[in-house]
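All letters in the sequence shown, in the order written, are residues -28 to -1, 1 to 923 by mature numbering (1 follows the signal peptide of the UniProt record, and there is no 0).
Derived from the structure by calculation, the hints contain no laboratory data.
Take these hints with a grain of salt, some might be off.
To be verified - Simulated crosslink set (BS3-like; lysine-lysine; CA at most 25 angstroms straight-line):
#, residue 1, residue 2
1, Lys454, Lys553
2, Lys185, Lys197
3, Lys825, Lys556
4, Lys455, Lys440
5, Lys53, Lys509
6, Lys873, Lys886
7, Lys440, Lys454
8, Lys561, Lys454
9, Lys455, Lys553
10, Lys553, Lys302
11, Lys302, Lys825
12, Lys455, Lys556
13, Lys185, Lys509
To be verified - Beta-carbon label-pair distances, calculated as ranges:
#, residue 1, residue 2, range
14, Gly726, Asn341, 41 to 47 angstroms
15, Glu84, Gln502, 24 to 30 angstroms
16, Pro77, Ser131, 48 to 54 angstroms
17, Met756, Gly49, 54 to 60 angstroms
Where is the CB? At the ideal position from N, CA and C, for every residue including glycine.
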Amino acid sequence: MRSEGTVLVSAFLGIVWWVVVAVAAAAAAEFSPPPPNSASTLRAEHQGYRVTAVNEFADGSGFVAALELIKPSETYGVDIKQLSMVVRNEEDELLHVHISDSLSPRWEVPQELIQRPVPLSLLHDQNTLLQHHRNLNSQVPESQGELDSTSSDRLLEFSYTSAPFGFSITRISTGEVLFNSTPVAASSSSDDDDHGVIDDIVQSFSFNSMVFKDQYLEISTQMPKTTSLFGLGESTKSKLQITRGRTYTLWATDIGAYNVDIDLYGAFPFYMDVRQGAAGASHGVLLLNSNGMDVDVNEDFLTYHIIGGVLDFYFFAGPSPLSVVDQYTKLIGRPAPMPFWSFGFHQCKWGYKNIDDLRYVIENYRKANIPLETIWNDIDYMDAYKDFTLDPVSYTEPALRAFVDELHANGQHYILILDPGISVIDQNYSTLQRGLRADIFLKNEFGNNYLAQVWPGPVYFPDFLHPKAQSWWTTEIAEFFKKVPFDGLWIDMNEAVNFCSGSDCSFDATAGVPSFDGGCFLHCTTGSTQFDDPPYKIDHMGEYSEIGERSIAMTVKHYTGALEYDAHNLYGLSESIVTNKALKEVTKKRPFILSRSTFVSSGAHAAHWTGDNKATWEDLEYSVASVLNSGIFGVPMVGADICGFAGNATEELCNRWMQLGAFYPFARSHAEILSNPQEPYLWESVAISSRKALGLRYRLLPYMYTLMYEAHTQGFPIARPLFFGFPEDSITLTVSHQFLLGNGILVSPVLSPGQTSVNAYLPEGVWYNMFDFSKVTSQGAYHMLPAAADEINVHVHEGSVVPMQGSALTTAEVRNSPFTLLVALGKDLFTRAHGTLFLDSGDDLEMVLQNGKSTLVTYFVEASTGSGHMTASVIYGSYALQQGWQLHTVQILGIKHMPTKISINGEPVSLSAKAVFHPPKLFLEIHGLDLPVGKEFELVWETTSSADILL
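Use the sequences and the hints to build the structure in full.
The following block contains the structure:
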């Protein structure tokens, strides 16, 4: 049995070690050493590929082409001489370009992780396919070619240059080139071969033609200087827009999220390109490749440097930002639906040492009248940090189960953490024994279970790509759920983190496990293979560190034969997938999973938080861009650790962070074990702000949950950059520290100390403060808005109808309260507004529009001089009627005079009893309506004035 003091000392030393590494990485990012690579040498010797054969598909959707190397180069290894390229229009708005080795299969993201169209080249024997292409193409390819798109509604056009090979993607409607990998040759020899292909090419352009080696792929695209780029993560950035002149490294890394512009927990090789002019026409580019990579973003070009895999590009036509993420998530998987209760407020801290601590926190939230939905446990609840176990003293099974039952009786929830490493010390540990019998652990290069070290000491890592891993993991969750009926799981450290570095490790079991001193106590052999030390060094942690450092060794093998070198970035995704399936089977409810490490399509299975930040004003500011980037990547349920994970939050910082965090899609306060407590009830000023901000959040739960439905069905982010809602306004492209909830609500937080106002950008239109209904009319400009210590600016834009319910301390209470509709009208003499409301049980496995299971209501409002009307259009109203939900109040902002007549479905409404006009704020409130939410209605009003009725 460990003592509390031992645990605290171990945690302290571990954190110190982690902080030292993080500080070193931060310094390296600021003073980065010169790259240990040979870009200039490669440019001098590389000449690219030529197209030798082209075979079009019979349906006209694309073609397959054969490419061959023009001249070998030695830098970064041996070139692959024969390539096959498949080009296909998968949809009118989606163009797919897949380039790989013609003769041998190469590593690709497994289909079982991300279901997608399979390139034709992967369905046939490569040699047969290549010969078939050559037989069908007796004609020599032209020096240039393109994919015919004249007979369809396709939005994108593919064209190529034969030698040196390069390709471009063009928007058909405008002729604008969106991607162009063809370098510009300053001069060339006249020594052409019989195919009109140049043998010797002198290149002087700033990037190479395509490079394709076993462990090094390079491809570039020309990039207009006026374009705005977003995406390429995961990394903490000081602003939302991608910065030119920087390298973005994509490698899942365990490091503090307060380190800026270096690789972090997830990898997303996806970017959105927004062009100036043409109403901000946008497109997206996904390189579906899980290998480590650097992406250099220069002034006029972008270059991928990838250490393996294939070139598997998907181009999304847009042209709006929302349509780009719609098309992107349609391919990779729509975001998973989240339970209604998960939109409540969450509290966690590493260091809640027993159940009494949890009860104390919950009771103080209640006394302070601050909403609290879910209490979380970090690793404190475990027995010796072993997954699926309970501390035999502080978190006994009977006591914890009784505690969780109390939470559920109060309409609250409980979530606990799991780390992937499975302890190997206790041979009676049932989770280990079942895993050994199923043989589902990762193997080292010698075929033995790979030994690593994390919090429990020596561990084995599950291979979540193993076909038996699903049943094993489901069994462990099911057995644990019998003991503790938790409501969700938090899967952490899944990059995956290893406190040791080495390809083969061991320890003397007879000597026992030494006290953890913050370092590795295993005996490890450093790997020396081409995978441990690849020819191209990505800028790992900002200092070109070894890619296996503090992680699973690169030579470790999965059941499929895949090396960790290739699959490293997929570990968190694969764990999210099996955890999602397990929870569905075990709980029979909609799962909630929070994952730290993410990859393309992680949002289809889990939520995400931005990682181990700090209690600093800088981290508060960073959190906005991090949350918005996650939404762009297809992970809309996201938030940052409110008040900061590491360090001690000041009262003012926590006050402003609670105001901002109240409007993250996922709102959780969390801190590490050495931080001072920072629950919002500890300071009266923070408690006041929390009641106010969270009070509005809880009233907005119907609106936010409807945004979750949009995310699940269309991929739209819940929290959105301003340019998503106002793509025609180029200034919004530069706004990094405000965000929209949906398209109608704007959040403008205070992000620096000592401020009582915020300089907020308001796009054109009328904006109403959601706390007091005061208005600002903007022409599209920055406005200095007052922001007292207990205030955050949250505005609703004209044209919005926002469904709301009553404020409460739990989401269950909110769901039982009557509805209010907030209507925001514009200043024009004729103005419209609309909004939607989606309703279901909140925890059904599927989030679908289905008769008897859910209801969708669309509200339309039109107002003109002297009159206005609102209608509700209902799909499958029976569900809402069964629940007995009532619309009690309609609030209309922007009416200048008290109406003389109001009617509902043709029946007059008593003005004296049910209508209140507020002259100072110029809004009308109609209350006591008690209209069934599941029934259609029409509300009509008339005013006395014949002109100038609306603001």
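We went through each hint and held it up to the structure:
no.: 1; hint: Lys454 with Lys553; result: 17 angstroms, holds
no.: 2; hint: Lys185 with Lys197; result: 30 angstroms, violated
no.: 3; hint: Lys825 with Lys556; result: 18 angstroms, holds
no.: 4; hint: Lys455 with Lys440; result: 24 angstroms, holds
no.: 5; hint: Lys53 with Lys509; result: 23 angstroms, holds
no.: 6; hint: Lys873 with Lys886; result: 12 angstroms, holds
no.: 7; hint: Lys440 with Lys454; result: 22 angstroms, holds
no.: 8; hint: Lys561 with Lys454; result: 15 angstroms, holds
no.: 9; hint: Lys455 with Lys553; result: 20 angstroms, holds
no.: 10; hint: Lys553 with Lys302; result: 20 angstroms, holds
no.: 11; hint: Lys302 with Lys825; result: 24 angstroms, holds
no.: 12; hint: Lys455 with Lys556; result: 17 angstroms, holds
no.: 13; hint: Lys185 with Lys509; result: 14 angstroms, holds
no.: 14; hint: Gly726 with Asn341: 41 to 47 angstroms; result: 28 angstroms, violated
no.: 15; hint: Glu84 with Gln502: 24 to 30 angstroms; result: 27 angstroms, holds
no.: 16; hint: Pro77 with Ser131: 48 to 54 angstroms; result: 28 angstroms, violated
no.: 17; hint: Met756 with Gly49: 54 to 60 angstroms; result: 57 angstroms, holds
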